[in-house]
Amino acid sequence: MSTAAVEPAPRAVTLDSNRDPVNDFSVVVATVNGSGSQTANNTLVRALFKMGIPVNAKNLFPSNISGLPTWYTIRISKDGYVARREGTELLVAFNPATAAADLQSLPRGGVCVYPEDAKFERSRDDVTYYALPVKSLIANLGVDKKLVDRVANMVYVGALAELLGIEREVIREALSYNLSGKQKAVDLNYNVVVAAAEFVRENLPKQDPYRVERMDKTDGLIMIDGNTAGALGALVGGLTVMAWYPITPATSLADGVNEYAPKLRHDPQTEEPTYAVVQAEDEIAAIGMVLGAGWMGARAMTSTSGPGISLMTEFVSFGYYAEVPGVIWDVMRMGPSTGLPTRVSQGDVLKAYYLGHGDVRNICLLPGTVKECFEFGQTAFDLAERFQQPVLVLSDLDLGMNAWMSEPFQYPDKPLDRGKVLNAEQLKAMEGWGRYKDIDGDGISYRTLPGNEHPAAAFFTRGSGHNASAGYSERPDDWVSNMARLARKHETARQYVPKPVVDRREGAKIGIIAFGTADPAIVEARDRLSTLAGIETSYMRLRALPLGDEVTQFIAEHDRVYVVELNTDGQMHQLLRLHAPEHAMQLRSIAYSDGLPLTARYVTEQIYEMEQK
Amino acid sequence: MSTAAVEPAPRAVTLDSNRDPVNDFSVVVATVNGSGSQTANNTLVRALFKMGIPVNAKNLFPSNISGLPTWYTIRISKDGYVARREGTELLVAFNPATAAADLQSLPRGGVCVYPEDAKFERSRDDVTYYALPVKSLIANLGVDKKLVDRVANMVYVGALAELLGIEREVIREALSYNLSGKQKAVDLNYNVVVAAAEFVRENLPKQDPYRVERMDKTDGLIMIDGNTAGALGALVGGLTVMAWYPITPATSLADGVNEYAPKLRHDPQTEEPTYAVVQAEDEIAAIGMVLGAGWMGARAMTSTSGPGISLMTEFVSFGYYAEVPGVIWDVMRMGPSTGLPTRVSQGDVLKAYYLGHGDVRNICLLPGTVKECFEFGQTAFDLAERFQQPVLVLSDLDLGMNAWMSEPFQYPDKPLDRGKVLNAEQLKAMEGWGRYKDIDGDGISYRTLPGNEHPAAAFFTRGSGHNASAGYSERPDDWVSNMARLARKHETARQYVPKPVVDRREGAKIGIIAFGTADPAIVEARDRLSTLAGIETSYMRLRALPLGDEVTQFIAEHDRVYVVELNTDGQMHQLLRLHAPEHAMQLRSIAYSDGLPLTARYVTEQIYEMEQK
Amino acid sequence: MAAAAKPGGAPAPKMTTNRAGLTKPDYRGLPSTLCAGCGHDSIASQIIQSAFEMSLKPHQVIKLSGIGCSSKSPAYFLSRSHGINVVHGRMPSVATGAMLANRTMKAIGVSGDGDTGSIGIGQYKHFVRRNVPMVYIIENNGVYGLTKGQFSATADLGQKLKYAGTNELMPIDLCLEALVAECGFVARSFAGDAKQVRELLKAAMAFNGTAVLDIISPCVTFNNNPDSTKSYTYGKEHEEVLQDISFVQAYEEVEIEQEPGTVQEVKLHDGPRILLKKLDRSHDPTDKLAAMRLLAEAREKQEFITGLIYINESRPTLVDLEGLPDTPLAALQDDKIRSTPEQFASVMAEFQ
Amino acid sequence: MAAAAKPGGAPAPKMTTNRAGLTKPDYRGLPSTLCAGCGHDSIASQIIQSAFEMSLKPHQVIKLSGIGCSSKSPAYFLSRSHGINVVHGRMPSVATGAMLANRTMKAIGVSGDGDTGSIGIGQYKHFVRRNVPMVYIIENNGVYGLTKGQFSATADLGQKLKYAGTNELMPIDLCLEALVAECGFVARSFAGDAKQVRELLKAAMAFNGTAVLDIISPCVTFNNNPDSTKSYTYGKEHEEVLQDISFVQAYEEVEIEQEPGTVQEVKLHDGPRILLKKLDRSHDPTDKLAAMRLLAEAREKQEFITGLIYINESRPTLVDLEGLPDTPLAALQDDKIRSTPEQFASVMAEFQ
Ligand SMILES: Cc1ncc(C[n+]2csc(CCOP(=O)(O)OP(=O)(O)O)c2C)c(N)n1
Ligand SMILES: Cc1ncc(C[n+]2csc(CCOP(=O)(O)OP(=O)(O)O)c2C)c(N)n1
Ligand code: SF4
Ligand code: SF4
Ligand SMILES: [Mg+2]
Ligand SMILES: [Mg+2]
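Sequence lines, in order, name chains V, E, F and B. Residue numbering for the first sequence follows our numbering, beginning at 1 and increasing consecutively. Residue numbering for the second sequence follows our numbering, beginning at 1 and increasing consecutively. Residue numbering for the third sequence follows our numbering, beginning at 1 and increasing consecutively. Residue numbering for the fourth sequence follows our numbering, beginning at 1 and increasing consecutively.
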């Protein structure tokens, strides 16, 4: 996409790695949304993936339904880097409205593929142009009028296949995959691909160095987006009640549940569903339904984004104090309030941890990969039921809506952790049960579920004014002791939640802490810092809140620790300073949020520059 | 009230000042709510006040309408201390349900006044008892059956008057004040007072040392609660649209507006109201109305408590990003979610500052006295309009619902600050106006209001996706520069908001930081620490967020700084650590919240003990 | 007020245990902390009585409420049932989740006119629309009791209160709102009319779907002046009873010894019947348009009509629509709710 | 579809400036970013046309909306008016505050069926109940357009969508909801019926109080299959027009040259009139019960009725109830909104 529009001001130092024209470059496909370029783009990506070449694609789309500019960037990286790159070497200029600006963003020696009738100035003379006769190619094939628009995009697929050396057979398979094997559609599209490829072969001699070569780096891997992964994890992890309200970028998580629940969660014997999904009337109702189901003993979940968690605030405080389990996926998007719903951010971290009025601190999971989205699909329920409170999973638009390579997910080897629930017999056996007593000293009480036939099983659930037996109480001492127990519970949670992933490098004096989709940029930046600037770094990727002792220790071990995140106020940096106040000054914030996924270049340059000071 | 029920475990060290039986003790009136003891209690307090004796009363009432225990504590303090005291010397045991326990809470040598027919064990032999023949006294006066219950409480007024030496004439005046001069009611009640006093004089010889003596320490002072003060401040400060939803303890702020607006804000010429008050259907609607009115150019406000600000979260983010002024009074109460609506807390501080998803930091005012409630009634509007964003005023139940002595409020000498609003002419004169441009470099842009007849005045207000001219934008650079401007605006606000009140004591190595109704306990604790333990302290009372440089400096000046607040997680302590990370370890948290106002004893003991470590 | 009806309805005074083997005290709750004489307490005692007469198993009942004096009521009946007191105005969503998680429960929801009519009207409408099985009781006193007497959205136009002044907005009619949202059981009653409340409660408990009972329940502290339409005096003087209602259990044999045409019988899905003895006014509660007209006209004329306004058990409930298995979702064993390794493997293969 | 009516309504093609001295382009907005053919754009162009014909002063108009494709519309008309695009479902409260602050504004609110019927139904009901003066346009397509095609609360029972499956809940009828909430101007129209939309818009702009226009506005991307009742094809084929509507300005002189009894005339408060030419169906839009029955029956029978359903300008607006001065509150000078020192002193004395 057009550099002017999206890049931060260029830095003094540029620490970019040298690119190899083979298997190490990026393509941007510029179209308008609603023009059906999705199949074309997915086909390209899948073909590359199936040629064994590490690939990652990101869709940068506007918040409307059709007619506005969309950029789809495909990064091909033999080294397996999957972060967004600033700058792309190849441009598919299929949106005349942005073509001129997009062209400017190409590096010297870049490539521009465009429909021959596109009206924009080919202003760069350091760029290779390939003009495609889109209309005539399709006309020649005699495509049904109604389908013309839909298949036009296959022209650039064919052209790129030929120019880059993507194998045609792989493209055919990719098409078949993306079109769910519908043969007629596959043939139609494939014919366009071939026609375009042939045209290029015959008329447009290759003049640029970029091409791909088969590798074996994706063998056995899958490609999946984080929202679908989360849906699968939840379904395998015991989700039974899902209540949600549509909101970008969280909608596809519910879509995933709706799509895969029939396959995964119809009882093989009875063929009955073992779940219920409700589209609620809004987010307040969605979280209400989740807590109602959680109170009843079901694994319940909702998916939403920033505006939604805001609306859920009151209910989250309620759930925290009444100690009712429930899972909230917050697929974070850009900006508060109405915001920019189609842009990525990590702007809800601080908010989610403290969500609720009064003294509330929530357990939050921070998946950094699609695999973790899958795993946390279950972990979130385990934690919610063990700790009897709402648990937030903070994913984001980039992780949730873009497809990522991953090891295949494993069927879980851990049983579900249903927490401390007493059935009638267990209740009978236990002496002196009280709903909010701390019998085990870990701050976690035993609960009974409605339907428990023991005559003493019933209790009354309410917000915060209760004693250890769940009786209504306004007594100061009841309050204080309940708060002390909740604090103990939070301490217990510190030990229980997924531990950070740490990579220490020998002799590294500086550390990096990050989470979620900041990860790919950091992985790459560390390599660059090491290779290009000789700066060695250790890295801790957080996976949950509350933070544990190992975090303090990691900070203590390093002279300076950079906290990298996609927001403006350095929210995790704040939480870390509070967690390790004795090391507050060792922590440095790199908080940047412009709606686009983070790049290694930005991280590299920031750290390099800050290290000079 | 019964000690067992409300006090934290007694400390090893007790640093209580010695009490003088003259003008330095406390009375607790134990009744059931709904029994109409309000007039009786108010009369006692007013009479003491009018005798020139510093007095403060706190009502500890349950969250129901009638029939449950209520304790009304009156502190009489010749030194002018107004914090809650643990322990009261005199007990009016008019609630048989709690009398036995209440009795236990008296100190050795205490006094118990009770209706002679009350069935509870007089188990203490170190207490002086006075039994009052409530029924017969009233029967003798031939009081109308319907009124018997209402005037029964006057019996203890009369008894205390006699026992303590409260002047009868002052009582009569106090009655007249509280009954708005309704002569018949005044006479009726006064007759009961006199009858009871006479009975005591004749039958119950004084056996305890407690009594009052006229002073001149309240000359010229007023007594008022913080919610009424806030209402008056808002009315004098230009409030024109009030939208609210009932919630304890914020309701009386709206009541205050409803009561005093007709007196203060009917145009003397036209007799038309210059304001509108709407009871909204909920808090989301209330804040929506406030922002609608603020966008239109009116000074608009709502009053609520924790559950309400939770529900307002989404709209607050919207207001922050769309830059629409509005004022939210959060009269803080105990506990998250449903909570304990009739108990005090300072539990929303952290939450309010960050209220909203994404990167949001709100301006918050922290009144510590009724006078500040009054002043901030206007200041909040000035700040909201100057900074074009929602401003929260964080009061609390103790400040808001209890009456406090104060210097009379002054008619403001400052004009209203309506902020940067351009009318048609000013717009014409200004070149290159754009709604979100930073023309003055302070982060604050100029706005136009609907109705401005200049053809270029109109713009479209929306959440966060806009450029400097208020055009819709998803451009990363627009986002980044807008966020940078909002950060500048927040820095400007740091200088603008009310500065802390500081009292430095010479040679003090330790500091105390607090805000709101922690103040009276700290004022008294500092005296005790100094007199009883030789510990000198400096004190900074915060009055607003964001925090300024003077706060950092204050911390820097002291070896240790205790941050005292009424919540569990030390919310202000966290904000201070974030504000002054280089001094994080100098800050120590004293966070305690049990629903009752803070006592000097607690603060004194905590600091004393922590100083030993 | 309605005269006590013979068949079915009358509590059997000498019966000590019901078909569940329980006595009436087994259905009691904690002592009420509401004001003496509060209408909500009368309703609670009828809930106790009805639950006893219906032989409900307390552990198969859940009690849900929002916030308000009314919403405190669930603590004052059925102590042996699980209860939950949620946030203000949002009980319906919690009930929805609970019933999805365990379809076998009998849910009793208690709310107030503020809780349902003001902050909660959105959840109310959508709850009714989804037809979640629950007895939805609105203890309607026209004011916010717990916050001390502000007007709620059901306060009458022109009503005056010492504290709140004059109400200048039209009341929301929660029965009409339910009807418009396709509710299959719409009734209005009066806390002062114990027998009618009880018979309606039993019918509602037997009903499969959302059963709305809008019960005028005087607030003796803030809204009981005789000129208030929500007062005891007004209610007693103005109640216009539509029908004399009796609920008849499935196992009861009742001969209708009435003149033909004077008693309308409504059969519920699994046997029980509601007998409606016609009074002066003729109203067919199975006719939706008639019900709508009845309510609309009563509102225009400020008539206080009580009785069964509309009944229709045919609409599928949310439980039906979701096609839920008989075993409650919350009770499914772990292996049932995590899919088989084979199912999982086949889905995983899709992403390869 | 209704035939074009003669009197009043027809735009004068050669007129270049209106009574406000403005031309039609002065009422335009930014280019639309909605899908080509979206019903919302047709409505926007009729708003432009109506505002022009009504000679509104753009700076005296405010445009408000929630979130959705529909809620984006205000950017596409009247660029010279202040607009605000608030959070999802909460436009009504913002409009209430705005109108209290400045009673002299003409408010045009645009919302969607999701924005008003799902998340926003509570604010909608209470807004109508308060009778806040505003033209409340619901661009009703039965789906959530902006989030890509989920069912909204107005989707028909049994409706099928590729993405969302089958809708199994009864639709909420937003006209009936308005009527039940005492709305004084209730109309339904169809984005494909430009003339009717325009005449209703003008009438709504002239109306003093909340004027609800529920306009079926096809979503060409997600809900335009001919079998959907919200599609162009269905609308064109099934629209049952109640009356042929013409709006007549106060300054226009129109002779009703019709047979007596065929045209009903409704006068608005300051002169303008609505002329309703009877068609096949007879409906008196001043009869509330008739309106209710009409809607209820149309719903049962799935009829697509358009036209003016109910009109009654007599209910006081919120502005009336608050007794606001003529000068907008927002425009009062500082000295008017801070009370006099004397007033203040006398209040202060109360606390001494
Ligand atoms: C979000 C929120 N807003 C406000 C309140 C305060 N509040 C408690 S009860 C109540 C009104 C209750 O009225 P109603 O439902 O009619 O019950 P009643 O007390 O009259 O039985 C209100 C506004 C609250 N608890 N939560
Ligand atoms: C609180 C919140 N929840 C969800 C969303 C996501 N969202 C945006 S538009 C929309 C639905 C819009 O539907 P409708 O009002 O019918 O408008 P349409 O797009 O169909 O015109 C939703 C759910 C949001 N912006 N805010
Ligand atoms: S205040 Fe009213 S509603 Fe509340 S308990 Fe008392 S009588 Fe009942
Ligand atoms: S998605 Fe539907 S509603 Fe949205 S702009 Fe396109 S056609 Fe209109
Ligand atoms: Mg009520
Ligand atoms: Mg829609």
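For the record, the hints were derived by calculation from the structure and aren't laboratory data. Any given hint could turn out to be false.
[As the list claims (entries may be wrong)] Below, a list of computed lysine to any residue pairs in the SDA-like style, where the Cα atoms sit at most 20 Å apart:
#	chain 1	residue 1	chain 2	residue 2
1	V	Lys78	V	Glu431
2	B	Lys148	V	Thr531
3	E	Lys146	F	Lys162
4	B	Lys148	V	Gly36
Comparing the hints with the structure gives:
no.: 1; hint: V:Lys78 x V:Glu431; result: violated, 63 Å
no.: 2; hint: B:Lys148 x V:Thr531; result: violated, 46 Å
no.: 3; hint: E:Lys146 x F:Lys162; result: holds, 19 Å
no.: 4; hint: B:Lys148 x V:Gly36; result: holds, 14 Å
Hint violations for this structure: numbers 1 and 2, all remaining hints satisfied.
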